[in-house]
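Heads up: the protein sequence lines correspond to chains X and E, in order. Here the first sequence stands for residues 1 to 337, numbered as in my numbering. Here the second sequence stands for residues 1 to 337, numbered as in my numbering.
Hints in this document: simulated from the structure, not taken from any laboratory. Glycine residues also receive a C-beta, built at the ideal position from the N, C-alpha and C atoms. Zero decoy hints are in this set.
For lysine to any residue, the following SDA-like pairs were computed, each having C-alpha atoms within a straight-line distance of at most 25 Å:
| no. | chain 1 | residue 1 | chain 2 | residue 2 |
| --- | --- | --- | --- | --- |
| 1 | X | Lys6 | E | Gly101 |
| 2 | X | Lys6 | E | Ala105 |
| 3 | E | Lys6 | X | Asn108 |
| 4 | X | Lys6 | E | His135 |
| 5 | E | Lys184 | X | His135 |
| 6 | E | Lys6 | X | Asp106 |
| 7 | E | Lys6 | X | Leu111 |
| 8 | X | Lys6 | E | Glu99 |
| 9 | X | Lys184 | X | Ser255 |
| 10 | X | Lys6 | E | Arg140 |
| 11 | X | Lys6 | E | Arg115 |
| 12 | E | Lys184 | X | Glu99 |
| 13 | E | Lys6 | X | Asp139 |
| 14 | E | Lys6 | X | Ile104 |
| 15 | X | Lys6 | E | Arg109 |
| 16 | X | Lys6 | E | Ser113 |
| 17 | X | Lys6 | E | Phe64 |
| 18 | X | Lys6 | X | Ile63 |
| 19 | X | Lys184 | X | Ala105 |
| 20 | X | Lys6 | E | Thr130 |
| 21 | E | Lys6 | X | Thr130 |
| 22 | E | Lys6 | X | Phe64 |
| 23 | E | Lys6 | X | Gly136 |
| 24 | E | Lys6 | X | Glu100 |
| 25 | E | Lys6 | E | Pro334 |
| 26 | X | Lys184 | E | Val4 |
| 27 | X | Lys184 | E | Glu134 |
| 28 | X | Lys6 | E | Asp106 |
| 29 | X | Lys163 | X | Gly213 |
| 30 | E | Lys6 | X | Ala105 |
| 31 | E | Lys6 | X | Arg109 |
Reference excerpt, derived from the structure (chain E facing chain X, CB under 8 Å, subset only):
| no. | residue |
| --- | --- |
| 32 | Lys6 |
| 33 | Gly95 |
| 34 | Val126 |
| 35 | Ile148 |
Protein chains: 2
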Amino acid sequence: MDDVIKLSHGSGGEVSRKLVEGMVESYFSNDVIARLDDSAVMALGESGGRIAMTTDSYVVDPIFFPGGDIGSLAVNGTVNDLSMVGASPVGITLGLILEEGLAIADLNRILGSIRDACREAGVPVVGGDTKVVEHGSADRIFINTSGIGLVAAGLDISSSNAKPGDVVILSGTIGDHGIAVLSKREGIDFETDLVSDSAPLNGLVREMLRASGQIHAMRDPTRGGLATTLNEIAAASGIGITIDEGSVPVKEGVSEACELLGLDVFYVANEGKLVAFVPADEAQAVLEAMRGNKYGREAVIIGQVGSDHPGLVTLRTSVGGSRLLSPLSGELLPRIC
Amino acid sequence: MDDVIKLSHGSGGEVSRKLVEGMVESYFSNDVIARLDDSAVMALGESGGRIAMTTDSYVVDPIFFPGGDIGSLAVNGTVNDLSMVGASPVGITLGLILEEGLAIADLNRILGSIRDACREAGVPVVGGDTKVVEHGSADRIFINTSGIGLVAAGLDISSSNAKPGDVVILSGTIGDHGIAVLSKREGIDFETDLVSDSAPLNGLVREMLRASGQIHAMRDPTRGGLATTLNEIAAASGIGITIDEGSVPVKEGVSEACELLGLDVFYVANEGKLVAFVPADEAQAVLEAMRGNKYGREAVIIGQVGSDHPGLVTLRTSVGGSRLLSPLSGELLPRIC
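Isolated chain X (complex conformation) (with noise of 0.2 Å):
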């Protein structure tokens, strides 16, 4: 066990993970939380009715990036965690904790990009906060978002749902958001469509939905990229899933970038894209649904649930062998989202 906090903690992967499941689940372990998905569901007395609950805070940096900046980041991220549990997001609060010294023409630029992100996803700001401390005691701006939403009724879809059986769907393209937030941070400039792929799921989840009732589970692949978040879905669900490298489709510029900078595309961030399990015979109606939608035109069938090796991932690659894909395991690309 290490003594103080290091930036592995945070990364998303193996350490991070442990850090999580380590420490935190085990001073608070309880149904909901147990279940580790994107977003907390509960039930809402004696209602019937379900709502959804998440959090997260950004400490992006660069705070403005191509494709984004932290402010539609965070909108998207809080749009998106709802939308991997089926919930319908009702509203946003916003933590603002601001560092003295912050340009007041940054701060309004980032609150009218959460205004525009909130807007595109259709969700109001409820309520907020605003801390500042002094010069040196933060990095310009840190936001929380955290966002609650309604679940119809007769949904479950969890990370611990995925069956044998399901095909798995990739909405688009990978490796975007990480890819654009280094290029930015590190001053190089690989190409001009270097992009995040930050964007509100919400209705592209609604039109799945539409489009077939057995969705099983769903995320967003963001920290610890692609592979880890299978490998979170095969432990969960106690499957195996086996994945077709060369389905995954990948930007050729940002495939150039992970050669140059010796980064595996499959750990690399995503903010707009998602993963589903479905099962087969539900896969071409889905993938229908999500093709007319524009967060989903690139959607395909990457891979396949099995009963075999239960809670591994593992890679046919393009030429012709198989790998274990492993979830992250250190650190990779700090303050990515």
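Once you've looked at the hints, dock chain E against the given chain X.
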């Protein structure tokens, strides 16, 4: 208009209020947020139920202080914000921002404190998020707690609902939290009994609601102190408030510390106190209910509401005069919560 964020923007007083009202509200105005209550109250679909939601980020310095720490403070603060609109807490989320190098022992101590505070309030942690930033990019630990609660049918408790004829009830002594934090921060050792009043008030509010269905407004006077809270209620309700200075309980040690430090106790933060506005003929029943709860034992009537001087708070001083009690205007105590 300032160009950069100043510490006074986070003080909870006039400057902070203008920042919040002028900037944030201009971006996000809607019916719910416009009430500026401690929690947002929203109707839930067709069920007829209403849910309250609130968020707060905690950046208190020092993180451990007499009578509490940043963890229990965060839980109690969110429980209290829900309680102030009459909501029963259903769940809270934890957003942790950790500075690289934070001692794991400190984190464990804080998580344990959060767990204990949740137990006392009877509210589960239903979700969380952990981010780690580089050494120097935050100050040890910042905590966001967001919470949701259920609002019983028929309740309409709001800062905008105080009415002429109401009396103002205060649940106990003021200034304890601010002075406890300040004494620890400055290394001043006033007295051993100077401890924060940080406490969950949901049990107290439950007893009050049992005693009377006519509570018009409730607030916990945190940042900006009792004076700022009363001014906000006076403005939101369009009423005038008269406070009898001699009736407001202040511990001797707090009073002495304020004198020594040149602070006006009416502007010092509290974290386990509330003010309630109730019709005069309901006051005795509410007071008795409060005095039966450990967090309301010293509850007293401290003033009345009239229709004269709407938006203003008048203090009848102990020596027989009267003066205007204005809201906090600048910076008093940074990072008090």
